[in-house]
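What follows is each chain in one-letter form.
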Amino acid sequence: MKKFILDLIVKENEHINEDYFVLKLTSNDKLPHMLPGQFVEIKVENSPTTFLRRPISVNFYDKELNELWLLIQIVGNGTRKLSEVQVGDTLNLILPLGNTFSIPGDKNSRLLLVGGGVGFAPMLFLGAYLNDLGYRCDFLLGGRSEANMVQLNEFKRYGEVYTTTEDGSMGEKGYVTQHSLLQKKQFDMIYTCGPTPMMQAVASYAHKRNIACEVSLENMMACGFGTCLCCVTDTVDGNLCVCTEGPVFNITKLKWQI
Amino acid sequence: MADLKVKLGKLQLKNPVMTASGTFGYGTEYSDFFDISRIGCIVVKGITLRNREGNAYPRMAETPSGMLNAVGLQNRGIDHFIKHIYPEIKNVNTNIFVNVNGSTVEEYIEVAEKVNDLDKIPGIELNISCPNVKEGGMAFGVSCPAAATVVREVRKVYSKELMVKLSPNVTSITEIARVVEGEGADSISLINTLLGMAIDAESRKPMLSTITGGLSGPAIKPVALRMVWQVAQEVKIPIVGMGGIMNARDAIEFFLAGASAVQIGTANFIDPTVSMKVLEGIEDYLNRHKFNSIYDIIGTMTI
Chain A
1 MKKFILDLIV
11 KENEHINEDY
21 FVLKLTSNDK
31 LPHMLPGQFV
41 EIKVENSPTT
51 FLRRPISVNF
61 YDKELNELWL
71 LIQIVGNGTR
81 KLSEVQVGDT
91 LNLILPLGNT
101 FSIPGDKNSR
111 LLLVGGGVGF
121 APMLFLGAYL
131 NDLGYRCDFL
141 LGGRSEANMV
151 QLNEFKRYGE
161 VYTTTEDGSM
171 GEKGYVTQHS
181 LLQKKQFDMI
191 YTCGPTPMMQ
201 AVASYAHKRN
211 IACEVSLENM
221 MACGFGTCLC
231 CVTDTVDGNL
241 CVCTEGPVFN
251 ITKLKWQI
Chain B
259 MADLKVKLGK
269 LQLKNPVMTA
279 SGTFGYGTEY
289 SDFFDISRIG
299 CIVVKGITLR
309 NREGNAYPRM
319 AETPSGMLNA
329 VGLQNRGIDH
339 FIKHIYPEIK
349 NVNTNIFVNV
359 NGSTVEEYIE
369 VAEKVNDLDK
379 IPGIELNISC
389 PNVKEGGMAF
399 GVSCPAAATV
409 VREVRKVYSK
419 ELMVKLSPNV
429 TSITEIARVV
439 EGEGADSISL
449 INTLLGMAID
459 AESRKPMLST
469 ITGGLSGPAI
479 KPVALRMVWQ
489 VAQEVKIPIV
499 GMGGIMNARD
509 AIEFFLAGAS
519 AVQIGTANFI
529 DPTVSMKVLE
539 GIEDYLNRHK
549 FNSIYDIIGT
559 MTI
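First to last, the protein sequences are chains A and B.
Per the working numbering, the first sequence starts with residue 1, numbered consecutively.
Per the working numbering, the second sequence starts with residue 259, numbered consecutively.
In case anyone wonders, no lab produced these hints; they're calculated from the structure.
Heads up, a few of these hints could be off.
[Unchecked claim] Calculated lysine-lysine pairs in the DSS-like style (CA-CA distance at most 27 Å, straight line):
| no. | chain 1 | residue 1 | chain 2 | residue 2 |
| --- | --- | --- | --- | --- |
| 1 | B | Lys348 | A | Lys2 |
| 2 | B | Lys535 | A | Lys3 |
| 3 | B | Lys268 | B | Lys392 |
[Unchecked claim] Using C-beta positions, here's what the derived DEER-type ranges look like:
| no. | chain 1 | residue 1 | chain 2 | residue 2 | range |
| --- | --- | --- | --- | --- | --- |
| 4 | B | Asn505 | A | Lys208 | 25 to 35 Å |
| 5 | B | Ser289 | A | Ala147 | 18 to 28 Å |
| 6 | B | Thr286 | A | Thr90 | 21 to 31 Å |
| 7 | A | Asp188 | B | Asn505 | 44 to 54 Å |
| 8 | A | Ser169 | B | Ser467 | 51 to 61 Å |
Each residue gets a CB set at the ideal place from its N, CA and C atoms; glycine is no exception.
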């Protein structure tokens, strides 16, 4: 897919809580087509300690409204500066970057989308995309506590939502892989994005039951389009760039001990 | 309109803006963003004799005004380049240099010999300054006898433009530069990255898998400028300056210090079109100051 460098306009900056915010961006021109799993590289202005762009997963892309959503967790100076942008400001983005998830041929496939923390971001877009294509999906979302459980009403538009929190403040107490849903229901395909230990636990669950599984990685990167070679992950085909060969990988390709 | 053409040895570049090895892939990665044939010379990602997987992740750490990398020359080897990448880039209408690396003198020679046979590659950048590999790399660039040997041996088998990329991690950059010139290099490029490191205070662990890595970006520009200026006083062959160039003004400073051309590196990651902005800015500067040629400013810092 052709990549663009665009100045996009901030249409909305919705602060969900002190850790998470959603930027809704638009343009006077038609936004380039984007697929679930893909990401953007945002330039952060006026943050002296932020040198590189920030790679952020596409949270939602609305073709009709010409809107791009980015769900961002404030982790450092760069994301904090981004959280301060005002409606009407412009942000410079490189997009769309990376690959996408694979979609099973059978429309009756039982699909499970597992998100953890800010890894919820691509799962919303994937769920909406699958829904549009006529697939049904279940969402299994986990976080440390209720404060991490964002955009649940959005998710509910596209499927059943099951939740876990480590402190039990919402849904079942524990990790996503301990949720009772996994005992009750069979799945044909699992997609996941979240902290690496969570994705590895999900991958292990899928692997042991012979369920196809794709994970979306978020390695540190400098460029986002395959030239710095910093974001590699170890695969059966050697070190591959997460930004161009990923961020979505089938677990059979990764050298995870699962 | 000022004349932007410069010569590196016998080779003429349409303009003095080059892209630095390891920051511009094989060029085609940037084709979506602009017409890459407008670049004076593209230096492709470092190539070795055999496939190299590079270092383990994590390979990158952001620093104030820069970044550390520890990629470790990941590439598929020269034969893969010749078979799969060269056909894709050989018709790009500008100069393309191959950045040549080796763990031993013999490896440098073998890669250089193979590149010598490629019609559309008018030059190589001999990398004796990579700080991220265990064997070879920077080891050749921090010792005068080692630098002399590798340049001498490669010169014997390589007949086109031979540019040698120097390491800043030395006591005297001018000594190495003189040695490299004496052994027949056509031009010198500097600086490669400065050896550095970063620690995560919370986890008490290094930020890079290799502990140390190469620092690049605006943080190193004053060091690079100083070294370009010092080397310019000592050698007659053209100098290609690099190190933290983010805009045309930075590039102009390198010309004033004595560089005949510049390479844009880390800035490509942040603004993929930066090399074109630098090119336009240089042109604008020359026109504004009523200079006819880029040569009117090279090495003209007045003290």
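Consistency of the hints with the structure:
1. B:Lys348 / A:Lys2: Within the cut-off at roughly 22 Å; holds.
2. B:Lys535 / A:Lys3: holds, 19 Å
3. B:Lys268 / B:Lys392: violated, 34 Å
4. B:Asn505 / A:Lys208: 25 to 35 Å: violated, 54 Å
5. B:Ser289 / A:Ala147: 18 to 28 Å: violated, 44 Å
6. B:Thr286 / A:Thr90: 21 to 31 Å: For B:Thr286 and A:Thr90 the Cβ distance comes to about 29 Å; the hint holds.
7. A:Asp188 / B:Asn505: 44 to 54 Å: The hint (44 to 54 Å, Cβ to Cβ) holds, given that A:Asp188 and B:Asn505 are roughly 53 Å apart.
8. A:Ser169 / B:Ser467: 51 to 61 Å: The hinted range 51 to 61 Å is violated for A:Ser169 and B:Ser467, with Cβ atoms some 37 Å apart.
Hints 3, 4, 5 and 8 from the earlier list are contradicted by this structure; the remaining hints agree with it.
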